[in-house]
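Student: Below are the chains, spelled out letter by letter.
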Amino acid sequence: MANPLTLVIPLREDIDLGVLQAGLAELLPNIGAAMEAVGTVHYSRVALLDHSSPNLQPKPGGTGPFSFMVITSYDGDFDVYIQDFVTHLGQIYDALLSFSADGAGIVPVAEHVEEFTAYLTANDLSAQPPSNGFPFYNAYPYTVQQVLANAPS
Amino acid sequence: MTLDYADVQGTILQGYRVDHARHFVLRVVDEAAARALLGSLVDPASGLPQITTAARWTIKPPYFLNIGFTSAGLAVLGQPLDGFPRAFRRGAADGATAQLVGDVGASAPAHWVDGFADAHLILSLWVHRDLGVLEQVSATLRAAWAGALEELAAQDANALPDNKVHFGYTDNISQPTVQGAPPSKRPLPDRQPVAPTGEFLLGYPNQNDGAVYGVTPPQLSTNSSFAAFRLLEQDVAGFEAWLASAAAQADIDPELLAAKVCGRWRTGVPLVLCPDIGTPDPPLAPERINDFDYVSSDPALDDTFGYKCPIGAHMRRTNPRGAQVIAGGSLHRIIRRAMPYGPPYDPASPDAAPRGLVGWFINADIANAFELIMSKWVNESTFVKSVRGPAGANPVKNISGQDVLLGVNDPATSSFTLSKPPNLELTGFGPFVTTRGGAYCYLPSITALRFISAQDHTRR
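Same order as they appear, the protein sequences are chains A and B. Residue numbering for the first sequence follows our numbering, starting at 1 and increasing by one per position. Residue numbering for the second sequence follows our numbering, starting at 1001 and increasing by one per position.
Keep in mind that the hints were calculated from the coordinates and are not lab data. Only true hints are included.
Calculated from the model, a selection of chain B residues having no Cβ within reach of chain A, i.e. all distances over 12 Å: (1) A1072; (2) Q1219; (3) G1238; (4) P1286; (5) N1290; (6) A1300; (7) F1451.
Covered stretches of chain A, as calculated for chain B (at least 3 residues, CB under 8 Å): (8) 69-77; (9) 136-147.
By construction, the Cβ of each residue, glycine as well, lies at the ideal position given by its N, Cα and C atoms.
Whole structure, please, built from the sequences with the hints as guidance.
Tutor: Written as structure tokens, this is what we have:
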């Protein structure tokens, strides 16, 4: 049975959208391989929010402040696998948190594993009220590896 | 890298190769007197037995002595715990810990041997062969700690012949090779990466891009470590009875089933190298007994799908080596310093006397080693990564249930997959191990022990 992660990383108010997008363009292509190495993530997507936009949708010339979202469905317990998560995704999160308004102090995350775990929990909408009381739908009761093992070749 | 062996408790970096142990479970009753006592254990001028370090000796000492502190023990001695890892602060007897590692039902802390749930210190004394030395040093220590510490329990352990454990398996074969540790006197090649020093000692680079595990204040950090202390009762009669009945169901020899649930024959010979016989002729060379992996580019040696050693075998679960698993097979190693306790089991006259295994399971990060292994690898079966093979073969399909030897194993749900096509699932067994005591301990460096003993918190 998968669990949800709906992570919101508020970004520094002085962050320039162009700089941010250039940074993300370097990072985001690496996420897929890292998720595959972790092996517990069913789906993952990222999104950028502009809080100066009425519907939060960033538009050219948007002034922010911005937030970055990471949304995944994953198997098992986040805490127990946190070191493995750091091993594969630590450098990506180091870069993301360097843009953040509230997480730069725990970079590198490999040196602040417990603080990083606490940060993820505190900034995970799905782990905090009221969203943690909202339904999370699973279409199937299988792990990522069970799905991969039984998928047609 | 040069380590200051004289600052590291010996049991972390070397096996003592001894036949007897006594583990004292202790509680501080007088803080100042306890600090003074602890200081005297790292002060040769005190005349008391001294904490054994990893410094090399020329003549084997008559005894070995090491110590661990629970979080309650550190707290009662005035040490702030906010600079210590969460798992250690939580402790072994905590309800969340118990749920995580499978100490539930009869294994729950509420049923442990009196003393463990209230432990402040665990002091372990080992002797080579002379039980007189064990009693003599015990008497000296007991006299020394009178008024400072209360002895809540004392658990003896005695090696069985040929390094056997009560379930009949040969033990003490596989241990991590730690960078910078004294070389083993009996090295066994194992095809596994050398573990960075920081995986077993605070203050050194660990396997995570050179990050460092540590605690604060810094005087307590470098050369210290952590461990789970475990008292595990083994139901040998129940295990043997299950082997007989399940082997009949599977139509295989009980000794082969014993090998399948462990990963080695009871002789110590690994299934991957000798899948059909535990006493090969000619015998397996001693240096080859640990020289294997579960995956290989050589089809003759590869066992990706667990047809030789089942994916759910005890030692493949607890140390998957190069096999594809969630969290990485070689990244969660534990140094085991455990020994049998209780009388040898005589199959000719089965009895229910308490017997099992007691000792230390060491790693610098309890959460990433002991807790991950127990929660994900021993007590679940979803940690295996998909590897596609011919005709739909996949290791994910060849594991079920929990570790037969160590898992919770409720008979209503227990399951073990014998993975030689077609799979056969054996069910309705166990549990064969019951946790009778436990403690998460900080293993201080000698510097740290002196620092703790010198802190006079009553004068703050």
